[in-house]
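As given, the protein sequences belong to chains A and B, one line each in that order. According to numbering that gives the first Met the number 0, the residues represented by the first sequence are 0 to 284, in order. According to numbering that gives the first Met the number 0, the residues represented by the second sequence are 0 to 334, in order.
Among the clues, some could well be false.
Below 20 angstroms or equal to it, Euclidean Cα-Cα: the simulated DMTMM-like pairs (lysine to aspartate or glutamate) are [to be verified]:
no.: 1; chain 1: B; residue 1: LYS204; chain 2: A; residue 2: ASP278
no.: 2; chain 1: B; residue 1: LYS196; chain 2: A; residue 2: GLU270
no.: 3; chain 1: A; residue 1: LYS245; chain 2: B; residue 2: ASP269
no.: 4; chain 1: A; residue 1: LYS267; chain 2: B; residue 2: GLU264
no.: 5; chain 1: A; residue 1: LYS267; chain 2: B; residue 2: ASP225
no.: 6; chain 1: A; residue 1: LYS259; chain 2: B; residue 2: ASP265
no.: 7; chain 1: B; residue 1: LYS283; chain 2: A; residue 2: GLU161
no.: 8; chain 1: B; residue 1: LYS271; chain 2: A; residue 2: ASP230
no.: 9; chain 1: A; residue 1: LYS245; chain 2: B; residue 2: ASP265
no.: 10; chain 1: A; residue 1: LYS267; chain 2: B; residue 2: GLU181
no.: 11; chain 1: A; residue 1: LYS267; chain 2: B; residue 2: GLU243
no.: 12; chain 1: B; residue 1: LYS271; chain 2: A; residue 2: ASP202
no.: 13; chain 1: A; residue 1: LYS267; chain 2: B; residue 2: GLU216
no.: 14; chain 1: B; residue 1: LYS271; chain 2: A; residue 2: ASP247
no.: 15; chain 1: A; residue 1: LYS150; chain 2: B; residue 2: GLU293
no.: 16; chain 1: A; residue 1: LYS259; chain 2: B; residue 2: GLU264
no.: 17; chain 1: A; residue 1: LYS267; chain 2: B; residue 2: ASP269
no.: 18; chain 1: B; residue 1: LYS196; chain 2: A; residue 2: ASP273
no.: 19; chain 1: B; residue 1: LYS196; chain 2: A; residue 2: ASP278
no.: 20; chain 1: A; residue 1: LYS150; chain 2: A; residue 2: GLU161
no.: 21; chain 1: A; residue 1: LYS267; chain 2: B; residue 2: ASP265
no.: 22; chain 1: B; residue 1: LYS271; chain 2: A; residue 2: GLU206
No lab work stands behind these hints: they were computed from the structure. Treat the numbers as computed from the prediction; the structure is a model and nothing was measured.
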Amino acid sequence: MSEIRERKDYSNGPLCLSGRGVTKVFGLGDNRTVAVDHVDFDFHEGEFVSIVGESGSGKTTLSKMLLGLMTPTEGEILFEGKPRDISTGKKRKEYWKGIQAIFQDPFASYNVFHKIDSVLLDCIHLRGGKNLSKKQKVEMMTEACSFVNLKFSELTNKYPFELSGGQMQRLMIARIFLLKPRILLADEPTSMVDACSRATILDMLFELRRETGMTIIFITHDIGLAYYVSDTVYIMEHGRFVESGKADDVILTPQAPYTKRLISDVPKIHEVWDLSTVDLLKEDA
Amino acid sequence: MGKVMLEVRDLKTKYVTRFHEDVYAVDGVSLKIEEGKSLGVAGESGCGKSTLALSLMGYYFPPLHYISGDILIDGKNISGLDPDVVRKTILGTEIAYIPQAAMNALNPTQKIIRFVEDVVRAHDPKARKKEIRERAEARFAELGLPRTVLDKHAVELSGGMKQRTVIAVSTILSPKVLIADEPSSALDVTSQKMVIKMMRELMDKGYIKSMLFITHELPLLYNVTDDIMVMYAGQIVEKGTAREMVFDPIQPYSHGLMGANLVPEDGMRDTKPTAIPGTPPNLKRPPKGCRFAERCRYATEECRTHSVAERPFGEGRMYRCRMSVEELREVYKDE
Chain A
0 MSEIRERKDY SNGPLCLSGR GVTKVFGLGD NRTVAVDHVD FDFHEGEFVS IVGESGSGKT
60 TLSKMLLGLM TPTEGEILFE GKPRDISTGK KRKEYWKGIQ AIFQDPFASY NVFHKIDSVL
120 LDCIHLRGGK NLSKKQKVEM MTEACSFVNL KFSELTNKYP FELSGGQMQR LMIARIFLLK
180 PRILLADEPT SMVDACSRAT ILDMLFELRR ETGMTIIFIT HDIGLAYYVS DTVYIMEHGR
240 FVESGKADDV ILTPQAPYTK RLISDVPKIH EVWDLSTVDL LKEDA
Chain B
0 MGKVMLEVRD LKTKYVTRFH EDVYAVDGVS LKIEEGKSLG VAGESGCGKS TLALSLMGYY
60 FPPLHYISGD ILIDGKNISG LDPDVVRKTI LGTEIAYIPQ AAMNALNPTQ KIIRFVEDVV
120 RAHDPKARKK EIRERAEARF AELGLPRTVL DKHAVELSGG MKQRTVIAVS TILSPKVLIA
180 DEPSSALDVT SQKMVIKMMR ELMDKGYIKS MLFITHELPL LYNVTDDIMV MYAGQIVEKG
240 TAREMVFDPI QPYSHGLMGA NLVPEDGMRD TKPTAIPGTP PNLKRPPKGC RFAERCRYAT
300 EECRTHSVAE RPFGEGRMYR CRMSVEELRE VYKDE
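Assemble the whole structure, with the sequences as input and the hints as a guide.
Have a look at this one:
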């Protein structure tokens with residue numbers, strides 16, 4: 000077992016981000032779609048939380064609301080116990096010092112016109128390091144890059160598209176290392192990288208949590224991955240949380256029928272994969 | 000031993016970039032699939048899995064070029080044939096291919112039945128509409144697809160349904176070999192299971208005689224195919240039955256790959272998935288020695304200078320490493 004991995008109980012720690020009756024409705028009349036339907040959640044400091052659901056379950060909509068990129072139709076999001084206020088640009092920028100994200104597609108996460116240096120410098124500036132000397136800034140960037148096993152001297156003056164997908168995703172983590180937010184929202188960060196680089200990225204997330212004690216919210220469709228990384232798992236179906244709890248309880252003794260189906264449909268290695276559970280004629284699947 | 004449906008001997012193909020550089024994406028691949036069997040190909044992105052699939056069809060167009068080697072389908076050599084001949088006589092009847100984004104390949108302005116007509120008429124221009132419809136309806140019913148799908152447009156179908164429709168349409172002429180390139184990786188787990196179930200049915204009912212299944216997801220491969228081979232930098236590094244490959248991988252790269260699986264099973268949380276640092280070599284200038292040497296933790300100076308040949312062992316297994324099976328098993332024990 001990895002020494003990076005801690006098995007502490009975070010569920011009694013101070014609240015970091017919570018939501019009460021958070022709802023998002025798209026469209027009107029016949030087109031009305033409830034993407035997220037009155038969800039309640041409590042994420043604690045230092046907790047590794049996973050939100051698992053299939054496509055169309057509303058997990059990305061929820062993550063956009065958590066990031067403040069989308070306003071909830073109804074309900075309230077509390078940041079560190081107080082109602083979140085992001086009504087002005089300045090307040091929003093302040094909020095983003097506390098919450099940052101890594102997205103699924105590393106190729107779409109960067110501005111193609113900006114060099115890697117400026118990507119990292121932006122992070123230092125957001126943390127209030129505008130007046131530092133050039134040497135100090137380079138030192139900070141070098142440290143961040145070496146944290147993710149990249150060499151800053153090889154990256155400087157390069158553009159993001161000159162890197163491979165795995166390297167880009169690691170650079171994204173280097174950004175997080177510089178920013179040290181309270182909460183990291185990771186939306187499918189490993190679905191576009193290979194299995195062998197996936198383990199490296201997960202290790203870095205664990206290491207980040209160990210160093211800074213940040214809360215990590217992991218959004219994924221891969222229940223095996225969620226089981227491996229998280230302390231707490233939330234299972235989402237049609238915009239609602241159908242089951243939540245400690246990872247071991249939810250995955251090994253699932254209660255909700257949806258969770259049971261999700262787990263039985265994942266191909267396994269030590270257990271038999273039963274193909275008879277799916278009905279080919281069911282048209283909506 | 001069954002009849003050999005697909006045999007490939009030392010196949011080499013390359014891409015030519017716009018700067019006229021050669022990239023050797025498939026470099027000396029040999030394989031055999033018997034009737035009623037399926038073979039899985041695993042490996043990380045850029046290792047040549049999809050190029051292998053394209054090369055096997057014998058249908059080459061720039062930037063992909065054929066260099067050497069033989070492709071035999073049911074004893075008939077198709078390598079080096081004219082692309083037009085290949086399209087008319089081989090594709091669809093002898094070999095069918097499902098690309099990675101197959102479900103995006105459906106023309107949104109046409110009904111599904113039109114695609115079936117296209118496929119059938121490419122080989123039999125005089126086929127009548129009514130016959131084609133009867134044939135399609137019978138096949139769809141056998142595979143558990145609702146026959147109403149035939150009169151729908153692609154946009155009316157869900158992702159999983161589209162993928163299954165594409166598979167049903169492309170195998171309508173009962174090809175001898177089906178090449179499926181990541182047919183289910185863009186789907187949810189439940190739709191993925193349905194796609195796999197349908198492919199199993201195709202095999203069981205004899206509509207396809209053999210299958211080559213490409214994916215990067217190993218737990219899936221273990222559940223779908225009889226044999227698995229692992230590719231690295233354009234070469235096969237290990238080949239064996241699915242069970243042997245998952246529980247007893249020999250070559251250091253496939254050992255690492257098998258250790259990187261994550262499945263929701265009891266006890267999995269306490270094992271650490273293996274990470275393989277580094278990146279694959281540039282195939283414009285493949286390394287002189289073992290291609291995995293740069294990333295291999297057991298590599299010695301000899302590995303970097305001497306290339307390694309395929310070494311057979313056990314019952315029909317093969318691996319590519321300088322170390323012997325016993326030595327490798329010994330070093331894995333200490334981890």
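The hints, checked one at a time:
1. Straight-line distance between C-alpha atoms of LYS204(B) and ASP278(A) comes to about 18 angstroms, which keeps the hinted pair within the 20 angstroms bound.
2. Taken as a hint, the LYS196(B) and GLU270(A) pair is honoured in the structure, with Cα atoms around 17 angstroms apart against an allowance of 20 angstroms.
3. The hinted pair formed by LYS245(A) and ASP269(B) meets the criterion: a straight-line CA distance of about 15 angstroms does not exceed 20 angstroms.
4. Simply put, LYS267(A) and GLU264(B) have alpha-carbon atoms about 8 angstroms apart, close enough for the 20 angstroms limit, and the pair holds.
5. Between LYS267(A) and ASP225(B) the CA atoms are separated by roughly 16 angstroms; this keeps the pair inside 20 angstroms, and the hint holds.
6. A C-alpha spacing of about 15 angstroms is found between LYS259(A) and ASP265(B), which places the hinted pair at or below 20 angstroms, so the restraint holds.
7. Simply put, LYS283(B) and GLU161(A) have alpha-carbon atoms about 17 angstroms apart, close enough for the 20 angstroms limit, and the pair holds.
8. For the suggested pair LYS271(B) and ASP230(A), the alpha carbons sit about 16 angstroms apart, so the restraint of at most 20 angstroms is met.
9. Between the alpha carbons of LYS245(A) and ASP265(B) the distance comes to roughly 14 angstroms, so the proposed pair stays at or under 20 angstroms and holds.
10. Restraint check for LYS267(A) and GLU181(B): the C-alpha separation of about 18 angstroms stays at or below 20 angstroms, so the hint holds.
11. Distance restraint check for LYS267(A) and GLU243(B): the Cα-Cα separation of roughly 16 angstroms lies within the 20 angstroms cut-off, and the hinted pair is therefore satisfied.
12. For the hint linking LYS271(B) to ASP202(A), the alpha-carbon distance of about 9 angstroms falls within 20 angstroms, and the restraint holds.
13. Distance hint between LYS267(A) and GLU216(B) is fulfilled; the C-alpha atoms sit about 11 angstroms from each other, no more than 20 angstroms.
14. In summary, the hint linking LYS271(B) to ASP247(A) is supported, as the alpha carbons are separated by about 16 angstroms, within the 20 angstroms threshold.
15. As the CA atoms of LYS150(A) and GLU293(B) are separated by approximately 18 angstroms, the hinted pair is consistent with the 20 angstroms bound.
16. This hinted pair checks out: LYS259(A) and GLU264(B) have alpha carbons roughly 13 angstroms apart, not beyond 20 angstroms.
17. Our distance criterion of 20 angstroms between C-alpha atoms is met by LYS267(A) and ASP269(B), whose separation comes to about 17 angstroms.
18. Taking the CA atoms of LYS196(B) and ASP273(A), the gap is near 10 angstroms; set against the 20 angstroms cutoff, the hint holds.
19. This hinted pair checks out: LYS196(B) and ASP278(A) have alpha carbons roughly 9 angstroms apart, not beyond 20 angstroms.
20. Distance restraint check for LYS150(A) and GLU161(A): the Cα-Cα separation of roughly 14 angstroms lies within the 20 angstroms cut-off, and the hinted pair is therefore satisfied.
21. Our distance criterion of 20 angstroms between C-alpha atoms is met by LYS267(A) and ASP265(B), whose separation comes to about 11 angstroms.
22. For the given pair, LYS271(B) sits about 14 angstroms from GLU206(A) by alpha-carbon distance, which is consistent with the 20 angstroms threshold.
Hint compliance for this structure: no hint is broken.
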